[in-house]
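These protein sequence lines map, in sequence, to chains A and B.
The numbering used here applies: residue 1 is where the first sequence begins, and numbers increase by one.
The numbering used here applies: residue 1 is where the second sequence begins, and numbers increase by one.
These aren't lab readings, by the way, just hints derived from the structure by calculation.
Please note that a few of the clues may not be correct.
Claimed, not checked - Pairwise CB distance ranges, derived in the manner of DEER restraints:
| no. | chain 1 | residue 1 | chain 2 | residue 2 | range |
| --- | --- | --- | --- | --- | --- |
| 1 | B | Arg110 | A | Arg274 | 31 to 41 Å |
| 2 | A | Ser157 | B | Glu257 | 57 to 67 Å |
| 3 | B | Ile297 | A | Ala32 | 47 to 57 Å |
| 4 | B | Val38 | A | Asp224 | 52 to 62 Å |
| 5 | B | Arg99 | A | Arg265 | 46 to 56 Å |
| 6 | B | Ala19 | A | Asn105 | 34 to 44 Å |
| 7 | B | Arg144 | A | Leu301 | 43 to 53 Å |
| 8 | B | Ile297 | A | Arg274 | 38 to 48 Å |
| 9 | B | Phe32 | A | Ser83 | 15 to 25 Å |
| 10 | B | Ser68 | A | Gln147 | 22 to 32 Å |
To be verified - Derived pair list, reagent style SDA-like, types lysine to any residue, alpha-carbon separation capped at 25 Å:
| no. | chain 1 | residue 1 | chain 2 | residue 2 |
| --- | --- | --- | --- | --- |
| 11 | B | Lys218 | B | Val288 |
| 12 | B | Lys36 | A | Leu308 |
| 13 | A | Lys199 | B | Arg126 |
| 14 | B | Lys218 | A | Leu156 |
| 15 | B | Lys36 | A | Ser3 |
| 16 | A | Lys199 | B | Val288 |
As the list claims (entries may be wrong) - Sample of chain A residues facing chain B (criterion: CB under 10 Å; computed from the structure):
| no. | residue |
| --- | --- |
| 17 | Leu85 |
| 18 | Arg89 |
| 19 | Ala146 |
| 20 | Gln147 |
| 21 | Gln150 |
| 22 | Pro280 |
| 23 | Leu281 |
Predicted, not measured: the structure shown is a model, and the values here were computed from it.
Every residue gets a Cβ at the ideal spot worked out from N, C-alpha and C, and that includes glycine.
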Amino acid sequence: MSSLLAVENLSTGFDTREGFLRAVDGVDFEIAQGGTLAVVGESGSGKSVTALSVMRLIDRPGRIAGGSHILFEGRDLATLEESELEKIRGNDISMIFQEPMTSLNPVFTVGDQIAETVQLHQNVGAKDALERAVEMMQLVGIPSPAQRVQDYPHQLSGGMRQRVMIAMALSCNPKLLIADEPTTALDVTVQAQILELMKELRERLGMAILLITHDLGVVAEMVDEVAVMYGGRIVERGPVAEIFATPQHPYTEALLDSIPLLGMRYSQPLRAIRGVVPSPLEWPEACRFAPRCDYAFAKCLEVDPPLLPVPPQESACWLCENGRRVPRSAEAIA
Amino acid sequence: MTTELSTTRLDLGTGGDPADVLLKARGVKKYFPVRKGVLKRTVGQLQAVDGVDLDVFRGETVGLVGESGCGKSTLGRTLLRLLEPTAGEIEFDGVDVLRLGGSDLKGMRRHMQIVFQDSVGSLDPRMNVNDLVGEGLRIHGLERKRRNEAVVDVLERVGLSAEAGRRYPHQFSGGQRQRIGLARALVLRPKFIVADEPVSALDVSIQSQVLNLLVELKQEFNLTYLFVAHDLAVVGYISDRVAVMYLGKIVELATSEELFRRPLHPYTMALLSANPEPVPGRKRQRVVLHGDVPSPINPPSGCRFRTRCPIAQPICAEVEPLLEDHGSSHGAACHFAGTPIHAATSPAGG
C-alpha cells in the first residue's frame, strides 16, 4: 500500500423516480504520496461528481453506491463515520473550486475565513490562527498580506480570490489537494499565474494533487498521470506524455484532434466528434462511446469493454484487445 | 464627428481583398457613464472602447482577442450600432452607418448580423425554432410561405433537420442551440457576421463541430466575419487577421501567421506564452504577468499596458504609443515593439 488515495469501484448516483441514476459508474484510480493525477472529461462525464465523492460531499438525493471504496491512507472514507471524516476533510484533504466568489463568505474578511479553517482543524488560538492566515497569504503571493487579511472577498479580483481559496486549502498542510476546475473562470494570464503558483507550492509542500478539468492544455502542464472520463467511466489512463502522444482510446484521440493548436489554420479542418455527450439517462448498453466512434464495430455495440492493459496505459476499447493500437501519425503515413 | 480619420492603414490580409473594405471604423469610442449616489450623478466614464481604427476586408475573418474587460465584445456590438458609439466613424459597404436612421438602418441591419455566446439567453424560450429563425424575415416583411421555405433551407445548411423547426430551444444541446443562432443570422443572407464568443461555452468535441461549420458557411455564403473570443488558439485558427485588444485599445494587428511567428507587443507575447498548450513537457519561456488588468474607469497614463509590462520604461507612462506599421502590415502599439521579454519570476514570494 504505497498509494495515498486509492479509489476502487466508485459509483455515485442520484435517487430518482426512475431508480438509481449513476453519474459515476465504477471508477478506479490511485494517487501516490506527492503524486499528481488529472481527471479530464467533458461536461456530463462524471468528473466533478468523482471529486466530490472523494470528499464525500454528495448531498441527497445523491449518494455513493454500496461496494464503492475510497481508501485514504488505508481508511475507507466511503464508510467512515461523519465525525471521523470531518477530521480528515480540510485537514488531510482539502479542495478548491472553480468559482472562488461563491465559495467565500461575502460578510467575513478573507483573513477571518482562513483563520477559521486553521482554528477548526488545529489546536490554536484566534491570534495565532490570524498570524497563520497572514503567513498563508504571503505564501500564495498576495501582496501586503498583513493589510489584505482585512479585505472582504468583493474587494479582491478573481485571481486574488482564487489565491485566498488556495491559502485556505493549504493552511492545514493537506496531504491531498483536490482542485476542481481551479482556473476555468480566470483569464488566461491570471490562469498562468495560478498554475505556476500551484506547481511551485506542490514542489515546496510535497502534497498530492487531484486535478479535475476539461482543459487538456492545463492537464499537459500540471500533472504526471491522466485519467480520461466519458459516460461516468474512465476510458483511458496512463502517464501524461503517452496519453497525449499515443492515445489508445478513440475518444482520447478524437478529443486531442479536435482542439486547434496555436498556429493551426482553418485550411486544415478540425476533427469533429459527431453527436453529443450522452446524458446518464441514455448511456448505450455496451461501449458508451461507440455511437460516436469512427472505429466502432459489431462487438462494441454488444459487449462493454473493460480497461485493457496497453502498457504504459490502460484503455477501455476492444481495439486494444491485442495490445497497443497504431499511433495516429503512423496511420496517417501508411 | 469628432475624430479625425487615421492615416495609418494596415492592409494586406490573406482571406480578403484590401482594396475592398467592407467595414471601416475610425476613432471608435464607447464610454459608459459610471453613476453613484442617490442622484445617480455621473462620477466617471468607463472607457470600454477608446479609439479603435479597424478595416475589415470583404471575405476575410478578423479575430478580436483579449481578456475579459478589454472591450472586445463592446467593440463588436458598437460596430453593428447595437450600441451607440460615443465618438468615431463607422462605414459599412460605403455607407456611413451612424447617419442612418429608421427604415434605412433597418435595411442595413439585414446585412450585419450577430451570433452570441449565450445560446440560452439569446433565444426566446417560448418561441419554436421556426419562429426564432424566421423572426428576422418577418420583421423584414417576408410572407409566411416564403419565410418557411427559407427557414427549412437554412436549418438544413447549419446541420439541423426540418423537423427541428417545431421544437423549442430547451430541447436542444448547447452545440445545436449555437446552430440555431447561426441559422437566425444566416437566414437574412447577411454580408457580415459578428460572432461573439460563439464556441466558448461549448465542450471541446462540440466546439470543433461549430468551428468547422463556421468555416464552411463562410465559403458557401461569401461571408465576412468579425470573430470575438478570448482563446488565442481558436481565434488564430479561424481568422485571417487578428487584432489583440487591451483595455479598450487595439495593441497589435497582424495576419494570423505573422502574429504567432513574430509577436511584437509584449502583451501578445505574454498571452501566447500563457496559453496552455496540450503538449506535455513542452519547454518554453513563460512570461508570467504580474497583477490584474487595471480598471477601465481610470486607465493608466501613456501606454495602458505599462503597469503589467515587463519591459516598461519611463517614456511609457508619458507618451501613448500608437498602432504603427512594422512591416508586412503588422501593426503594434508599443515604444519597444519586438523587444524580446524574458520569463519573469513567479509571483509567489517567500
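Query raised in the report: Hint numbers the structure violates, sorted upward?
Result: 2, 5, 6, 9, 11, 12, 13, 14, 15, 17, 18, 19, 20, 21, 22 and 23
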